[in-house]
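Student: Chains W and E supply the protein sequences, listed in that same order.
When you line the first sequence up against the working numbering, it's residues 4 to 470, in that order.
When you line the second sequence up against the working numbering, it's residues 12 to 219, in that order.
With a straight-line Cα cutoff of 25 Å, these simulated DSS-like cross-link-like pairs (lysine-lysine) come out:
| id | chain 1 | residue 1 | chain 2 | residue 2 |
| --- | --- | --- | --- | --- |
| 1 | W | LYS164 | E | LYS178 |
| 2 | E | LYS178 | W | LYS167 |
| 3 | E | LYS204 | W | LYS254 |
| 4 | W | LYS420 | E | LYS42 |
| 5 | E | LYS179 | W | LYS167 |
It should be emphasised that the hints constitute simulated quantities derived from the structure, not laboratory data.
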Amino acid sequence: MAKTLFDKVWDAHVVEQLPDGTCVLYIDRHLVHEVTSPQAFEGLRMAGRRVRRPDATIAVVDHNVPTTDRQAGIKEADSRLQVETLERNVAAFGVPYIPLLDDRQGIVHIIGPEEGISLPGMTIVCGDSHTSTHGALGSLAFGIGTSEVEHVLATQTLLQKPAKNMNVAVEGSLPFGVSAKDIVLAIIGRIGTAGGTGHVVEYTGSAIRSLDMAGRMTVCNMSIEAGARAGMIAPDETTFEYVRGRPMGPKGEALERAIAWWRTLPSDPGASYDKQVRLDAATIAPMVTWGTSPEAVAPITGTVPDPKEVADEAKRAQMERMLEYMALRPGQRLTEVPVDVVFIGSCTNGRIEDIRAAAAVARGRKVAAGVRALVVPGSGLVKRQAEAEGLDRVLTEAGFEWREAGCSMCLGMNPDKLTAGQRCASTSNRNFEGRQGPGGRTHLLSPAMAAAAAVTGRLADVRELAR
Amino acid sequence: MKPFTKLTAVAAPLPMANVDTDKIIPARFLKTIERSGLGVHLFDTLRYDAEGRERPDFVLNQPPYRHAQILIAHENFGCGSSREHAPWALLDFGIRCVIAPDFADIFHNNCFKNGILPVRLPRSVIDQLMADAKLGANSRITIDLEAQEVVRPSGERIHFDIDPFRKKLLLEGLDDIGQTLQHVAAIDAYEAKTQSERSFIPGIEVHP
Ligand code: SF4
Chain W
4 MAKTLFDKVW
14 DAHVVEQLPD
24 GTCVLYIDRH
34 LVHEVTSPQA
44 FEGLRMAGRR
54 VRRPDATIAV
64 VDHNVPTTDR
74 QAGIKEADSR
84 LQVETLERNV
94 AAFGVPYIPL
104 LDDRQGIVHI
114 IGPEEGISLP
124 GMTIVCGDSH
134 TSTHGALGSL
144 AFGIGTSEVE
154 HVLATQTLLQ
164 KPAKNMNVAV
174 EGSLPFGVSA
184 KDIVLAIIGR
194 IGTAGGTGHV
204 VEYTGSAIRS
214 LDMAGRMTVC
224 NMSIEAGARA
234 GMIAPDETTF
244 EYVRGRPMGP
254 KGEALERAIA
264 WWRTLPSDPG
274 ASYDKQVRLD
284 AATIAPMVTW
294 GTSPEAVAPI
304 TGTVPDPKEV
314 ADEAKRAQME
324 RMLEYMALRP
334 GQRLTEVPVD
344 VVFIGSCTNG
354 RIEDIRAAAA
364 VARGRKVAAG
374 VRALVVPGSG
384 LVKRQAEAEG
394 LDRVLTEAGF
404 EWREAGCSMC
414 LGMNPDKLTA
424 GQRCASTSNR
434 NFEGRQGPGG
444 RTHLLSPAMA
454 AAAAVTGRLA
464 DVRELAR
Chain E
12 MKPFTKLTAV
22 AAPLPMANVD
32 TDKIIPARFL
42 KTIERSGLGV
52 HLFDTLRYDA
62 EGRERPDFVL
72 NQPPYRHAQI
82 LIAHENFGCG
92 SSREHAPWAL
102 LDFGIRCVIA
112 PDFADIFHNN
122 CFKNGILPVR
132 LPRSVIDQLM
142 ADAKLGANSR
152 ITIDLEAQEV
162 VRPSGERIHF
172 DIDPFRKKLL
182 LEGLDDIGQT
192 LQHVAAIDAY
202 EAKTQSERSF
212 IPGIEVHP
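Model the full structure from these sequences, guided by the hints.
Tutor: Next up, the structure:
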């Protein structure tokens, strides 16, 4: 029978199928961070269990860490406790760890692919929903809860039932000024935040194939925002080129054997999907969210929608609540919405390509008066690369702050937070109420669009700046 | 894990869709290294104002619902972050069962690992249960996991579906890891086989 990419990776990792269809699924890579792991290690300790495969596990600190000077250590006692707890746990259980002051430290979903820890055809998990990012390599990568973190630490497996297959095909070439972020926001706008529930989404089509790995990771990253268990893109020459030379990946003859296997993974012709969606790339414009759910999104050329036009009572009430929280008026042009803060970073858009896109817009311009703009590279290596290219200077000369790597203002667990009522143009992935700080208002958009917002002081159509 | 068998309790009505895990427990409360104690922060921004005072209009602040053990909500409950702090906060507050038309996958999974029963029922039934729940303290709802039934205050019984494996683990309060370790021989065999077939995959080592 013709199989999908998901079917193939799944089948290659089934250790055993139980009578009711639940599978013991083998996990190739387990990524661990400080927020969702302490209770898992504690559970192991209490049960007298060990980590089954330290050599398939990697730990890093990212969520809590300061993005300013780090030599001074972490000031907040509770954040420091989580970081120190992880350090104690990795030492006690022999888990490989990238320390805070190492150049390779960064957001767990940035460093996995960057180091060659995440590879095609693998099963990859992490106690973090944006593990879907790694699916860009053609792996099955998904977020798990802390009990499952403990389960993987102890057994290197998970108990899972197969997901359903969903295909999102984006065909055609991307118009000028439109990026991977706009594609995925457009997809979520179309299918909704529960559109992928129970499914693994495989992204196909010429627009997806034309993306570089950074863009593919941006798309897969936000699969979870469409409710999907995971997102995947078939490995191809772009993937192999990316993997070549990654520090912890296979090299030489081993790499060639790996590539030979990876070539067998793309979906067979005629493979069928339980659900199928098609988008025409040519119709996608730069996107921006106006509400407190990623599906509340519109082209930058559009206006804030009017709840009066929504028939369903619950949906109308939800939209009214969103507009009240976001302090927006129905019919208001999105390009008239002023911003206070701009955040460029996160596992969605914290790669070198994203920083280049932002710097290209910022070059020779100035951050608008009264706007605070932060650029937080996704990893220490991204930061170093950007500095080698002089992008840090372009950005700081324009008035952006240039920070150390971490999650930062994506979720405000470290000191980088919005204050109540502040409005932020953010390249991250979630615009939930209070996500970036209590009372903060988030507009999700691409790095180029975020830079455009920084220099104009409002949500702006980046295509107009480029002209 | 505490087994879940039968529960008769007050149900709190929360007629909201897309209740995300940031709403259930905001990120600033995730800086704990323990599982317990999160109940006071459950639904923090809905429950308290900026000064930390209770908002009287929020359901869990109202007398009949302060000890609710069942929560009834609308579509896509638990979407967003994978934080298990969300079910921990619900459990610490005392919620043992959430009833909604559907749930986000990771949250749904996390509930079972913590002895919380997520019940999926069609929206039309949710609307009836929501109306029952709004009646307050004397309007108790019963959840019978063995029989797979929700019993309305009127006595009407409503069947719900549940994965048989999950049901067994909940009824017995069994830990997944113990279950899986019964298959350790199969895991050993799988590892041996793939380590030769996929020997091109190196182990992880962090060199200074
Ligand atoms: S950058 Fe944001 S979404 Fe990504 S792992 Fe960090 S907190 Fe989560």
